[in-house]
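There are 2 protein chains.
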Amino acid sequence: MPPIITAFEESPDRGQGLARDMPVRWALEEVGQPYDVRLVSFGSMKEPAHRALHPFGQIPTFEDGDLALFESGAIVLHIAESYTGLLPEDANAKARAIMWMFAALSTVEPPIIQREFSHYFERDKSWHKERLPMVENLIRSRLEDLSRRLGDGDWLDCETFSAGDLLMVQVLRRLKGTNLLREFPELSAYVARGEVRPAFKRAFDAQLAIFTGKSRHRGEGDACSAGASHMRR
Amino acid sequence: MPPIITAFEESPDRGQGLARDMPVRWALEEVGQPYDVRLVSFGSMKEPAHRALHPFGQIPTFEDGDLALFESGAIVLHIAESYTGLLPEDANAKARAIMWMFAALSTVEPPIIQREFSHYFERDKSWHKERLPMVENLIRSRLEDLSRRLGDGDWLDCETFSAGDLLMVQVLRRLKGTNLLREFPELSAYVARGEVRPAFKRAFDAQLAIFTGKSRHRGEGDACSAGASHMRR
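Chains as they are written, first to last, in my numbering: chain A, 50 to 282; chain B, 50 to 282.
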């Protein structure tokens with residue numbers, strides 16, 4: 050039996066691939082491991098059955114035999130450790146790739162999430178216009194540092210794509226279409242390099258198929274059969 | 050030569066052990082690995098020499114032979130992988146311990162950092178009083194979920210302390226003295242269980258010694274000789 054992941058039944062980003070099943074799908078596609086998907090509604094995510102898998106009532110989860118995991122970074126690392134293709138063999142290079150995974154999620158992403166929090170919950174507040182630039186300057190500072198380190202390299206550590214790049218590209222994708230990312234052409238090009246990878250495209254198409262399937266046939270049937278391979282209810 | 054970590058020359062939290070060298074020190078103490086400390090000023094952190102080690106110009110860094118790492122979560126994981134005592138031997142239990150490391154840093158910590166951001170940069174703003182409860186409700190939601198999962202267990206996954214508990218306790222320590230943490234007695238007790246560990250105490254005392262040494266002898270000499278073992282300039 051292939052591993053089973055969970056994803057949103059109703060894509061909150063309308064298939065842009067920003068939900069956290071996306072890096073897990075991408076990692077599985079990079080290593081060539083087929084997977085099944087179980088879709089969950091916003092309601093059922095908060096029910097005890099799902100919370101037994103994910104105590105914070107979110108997606109994704111990952112079930113493989115006796116093992117059940119939540120937290121996308123941990124799932125991607127588990128996949129990277131279990132198959133070849135996402136971590137270098139050299140021990141030091143591997144430690145650095147994992148370092149970039151943490152850097153993506155702990156240092157670069159949090160201010161980007163703050164910006165989204167502002168967008169979703171504060172855009173009608175009187176303070177939004179004054180506060181947003183404070184958050185954006187924090188993001189800009191992180192992007193400056195990241196861009197300087199990346200330089201003209203293809204990937205963050207030497208010339209080989211790793212799980213660190215996978216998570217960093219996925220984090221930066223949250224800024225697509227913003228001036229923030231456009232200010233850093235090296236980072237825009239870095240994101241584009243990630244997005245043209247065949248594994249990225251397969252993962253992206255698979256999550257998009259849920260949204261387009263739902264759009265066309267909302268409530269009429271099995272969303273999981275709408276396009277993506279390796280899916281089941 | 051023991052590994053070398055970097056820490057703040059001037060403790061911004063006055064020795065409360067909330068800076069990110071603390072989890073690295075704690076991990077090294079748990080596995081019994083002596084270490085050296087190089088103190089860096091706020092100015093020198095942003096200089097090219099330090100940025101070569103840490104592209105975001107922060108602490109901690111970790112140097113061990115040919116390997117140089119930044120990002121406290123990655124350093125703790127590297128220590129946990131390199132020595133015994135912080136990760137279970139069973140493969141599935143190990144994956145779950147690493148999952149809790151990511152959960153601490155990616156799910157529980159970010160809203161806590163948002164609250165600190167508000168405290169430091171927005172407490173004089175007109176909106177602070179209205180906005181703070183929004184952030185605190187987000188934190189509260191995470192703590193509720195975490196507390197429910199912990200239940201009456203000693204540690205997050207079975208009865209053995211792991212690197213996941215180390216990071217989670219350290220994240221929750223940021224809320225010490227707040228009503229938020231007091232609302233969850235199980236989590237307060239969990240933090241206390243972490244803090245009475247001998248390795249925690251040694252790590253805490255070592256970072257405190259820098260602050261108290263600086264307080265008594267500010268500018269008069271070698272802060273690194275002020276109390277903690279395994280330290281050098």
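Some hints could be false.
It does not matter which identical chain is used: a pair holds within one copy or between any two.
List of simulated lysine to any residue pairs, SDA-like, C-alpha gap at most 25 Å [what the hints assert, rightly or not]:
1. Lys-178 x Phe-166
2. Lys-178 x Asp-203
3. Lys-178 x Ile-162
4. Lys-174 x Lys-250
5. Lys-174 x Phe-260
6. Lys-178 x Ala-142
7. Lys-95 x Val-245
8. Lys-174 x Phe-233
9. Lys-95 x Glu-59
10. Lys-250 x Arg-100
11. Lys-174 x Asp-201
12. Lys-95 x Trp-204
13. Lys-174 x Gly-81
14. Lys-225 x Pro-61
15. Lys-225 x Glu-193
16. Lys-95 x Asp-113
17. Lys-174 x Ser-237
18. Lys-174 x Pro-104
19. Lys-174 x Asn-186
20. Lys-95 x Glu-138
21. Lys-95 x Pro-247
22. Lys-95 x Asp-194
Treat the hints as calculated values from the structure; they're not laboratory data.
Is the C-alpha distance from Lys-95 to Val-245 at most 25 Å within one copy, between copies, in both cases, or in neither?
Neither. Shortest intra-copy (35 Å) and inter-copy (34 Å) distances fail the 25 Å Cα cut-off.
My question is about Lys-225 and Glu-193: at a cut-off of 25 Å on alpha-carbon distance, are they close within one copy, between copies, both, or neither?
within (16 Å within a copy, 33 Å between copies)
First find the shortest C-alpha distance between Lys-95 and Glu-59 inside one copy, then the shortest across copies, and answer within, between, both or neither for a cut-off of 25 Å.
Classified as within: same-chain Cα gap 15 Å, cross-chain 44 Å, threshold 25 Å.
Tell me, please, which holds for Lys-174 and Phe-260 at an alpha-carbon limit of 25 Å: within, between, both or neither?
neither (31 Å within a copy, 41 Å between copies)
Evaluate Lys-174 and Lys-250 at a C-alpha cut-off of 25 Å and name the case that applies: within, between, both or neither.
Result: close neither inside a copy nor across copies, 38 Å intra and 44 Å inter.
Taking 25 Å as the upper bound on the Cα-Cα distance, should Lys-174 and Gly-81 be classified as within, between, both, or neither?
Classified as neither; 46 Å inside a copy, 51 Å across copies.
From the Cα coordinates, with 25 Å as the cut-off, is the pair Lys-174 and Ser-237 best called within, between, both, or neither?
Cα proximity of Lys-174 and Ser-237: none, with 31 Å in one copy and 34 Å across.
Given a CA cutoff of 25 Å, do Lys-174 and Phe-233 count as a within-copy pair, a between-copy pair, both, or neither?
Cα proximity of Lys-174 and Phe-233: none, with 29 Å in one copy and 31 Å across.
Could you place Lys-95 and Glu-138 in one of the four classes (within, between, both, neither) given a Cα distance threshold of 25 Å?
For Lys-95 and Glu-138, the Cα distance exceeds 25 Å both inside one copy (40 Å) and across copies (32 Å).
Same-copy or cross-copy closeness of Lys-174 to Asn-186 [CA-CA at most 25 Å]
Close inside one copy (20 Å) and across copies (17 Å); limit 25 Å.
At most 25 Å between CA atoms: does that hold for Lys-178 and Ile-162 within a copy, between copies, both, or neither?
Both: 17 Å inside a chain and 21 Å across chains, each within 25 Å.
Intra- versus inter-subunit Cα pairing at 25 Å for Lys-174 with Pro-104
neither (31 Å within a copy, 35 Å between copies)
In summary, the structure is inconsistent with hints 2, 4, 5, 6, 7, 8, 10, 11, 13, 17, 18, 20 and 21 from the numbered list given earlier, while agreeing with the others.
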